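Undergrad: Chain order of the listed sequences is A and B. Just so you know, we're using the numbering used here here: the first sequence kicks off at 1 and counts up by one. Just so you know, we're using the numbering used here here: the second sequence kicks off at 1001 and counts up by one.
Hints are computed from structural coordinates only; laboratory data are not their basis. Watch out, some of these pointers could steer you wrong.
[Stated by the list, open to error] Estimated spans, in silico, between C-beta atoms of each pair: (1) Asp242(A) to Ala1013(B): 32 to 40 angstroms; (2) Glu139(A) to Asp1008(B): 40 to 48 angstroms; (3) Leu1147(B) to Val129(A): 49 to 57 angstroms.
The structure displayed is predicted, hence computed values, not measured ones. Ideal Cβ placement from N, Cα and C applies to all residues, glycine included.
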Amino acid sequence: MSETPVTEAQIQAFVDDRLTPEREAAVAAWLAQHEGEADRVRAYREQRDALRAGLAPVLDEPLPAALDLRLRGAASARSPAFARPAVAAAAAVLLMLGGAGGWALRGLDMPPTVGTAALAREAAASYMVYANDPARPVELAADQGAALDGWLSSRLARPVQAPDLSKAGLQLIGGRLVPTEFGPAGLYLYRDEAGQRVALYVRPMKVDGTHRMTRREESGVPGWTWSDDGLGFGVFGAAPADDLHATADMVRAQYRAT
Amino acid sequence: MMRSMQPDAETIAALEPLIPPMRRYARALLREPEDADDLVQDVLERALARWQQHRRAASLRAWLFAILHNLAIDRLRQRKRRGRPEPIETVEDARLATPPEQASGIEQGDIMALVASLPEDQRVVLLLIGVEDLTYAEAAAVLDVPLGTVMSRLSRARERLRQMMETGEPAVPRPDLGPDLRIVR
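Sequences and hints are given; from them, build the entire structure.
TA: Next up, the structure:
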């Protein structure tokens, strides 16, 4: 004889373990005397558990980059104008420029994916991966300089060469080809007297074909980017930014002279 | 003031744990992983753009799931309008299902197909409460319906699912999602 009648809502709440202890005990007692209802509750719980188990693997899947707020946070810190209208406007401009513009529309959450901002990221990433690689920082060493220049020029479809940076105290170690979403890029690595590495990164540009010298910091790696006549450059390294600036000026001057 | 969409550490800490559940709910509704993740990305965009609003909501989770739910229903309607077939028995079942090892004998692949064949309003209640563990009040807020409606939908969903399981119906034929598909705002 139950004081309070058991409701359908309470049966559901019992399935979901959401009743107060007193009420739960009361419903349990009631179910003990109503076999059919108890079967129903059991079936509901089995359903729920099966459904949970069926969907559980989704929780364990690695998060795609597009859903990684930390990646976005890092990106946004570099581009304060991240509000949607600004991005939309930028995307519209890029569309007019054509070429890689479609990328900007691809995901609003992505950092700027074109121009020297993208180049800066690539350059810093290449620096981090290769500059301090103890085994094989370069694919072709400085003693094969001509072959290196020829190889990179042919893959970049632009004449490039390792500038002479000895006046900045930098000796060429060698270079390698780096893949980017815009095609191949070239990476030259230099070393100063203390053994610190400086990277010169170069690739053709569809967006920001000519862009001023800009100070960058990507993932803690300082550097400078600029572009001239469709060829983009990044100078990144562990050296102080002023030293890197001087080096970057030297590179730019040599390229402009050719 | 136009709020910048760059999340600070506090915002990330609040949002991050809710992303996997949102993926799960999106996956359960849309069933196509890319589509579902794309949807969650949309939700994050909106949530960050309107971040201040969530403080007025009952809970961050309910607020996010409300955004997610409404966008998901929009997408399902678009699919329907474009005549895109609702993927009920796609490869997803294989991906969603874990090896059947439980004593109950319910095959998880089966239950996914059966749940997919429930009317939309019942299916979402089952997922929000049974899987996402939203409170009844949160589910009511997400669906913007009275608590009593949530309870009756939950009850009907469970009973219908039970009957389908007993009769083994109907993974096929595919239900017409039309009448049941409505925006619950």
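Undergrad: With reference to the structure, classify each hint as holding or not holding.
TA: Going down the list of hints, with the structure as the test:
1. Distance hint check for Asp242(A) and Ala1013(B): the Cβ-Cβ separation is about 37 angstroms, which falls inside the suggested range of 32 to 40 angstroms.
2. The supplied range of 40 to 48 angstroms is met by Glu139(A) and Asp1008(B), whose beta-carbon atoms lie about 41 angstroms from each other.
3. Take Leu1147(B) and Val129(A): their Cβ atoms lie about 55 angstroms apart, and the range 49 to 57 angstroms holds.
Comparing the model with each numbered hint stated earlier shows that all of them hold.
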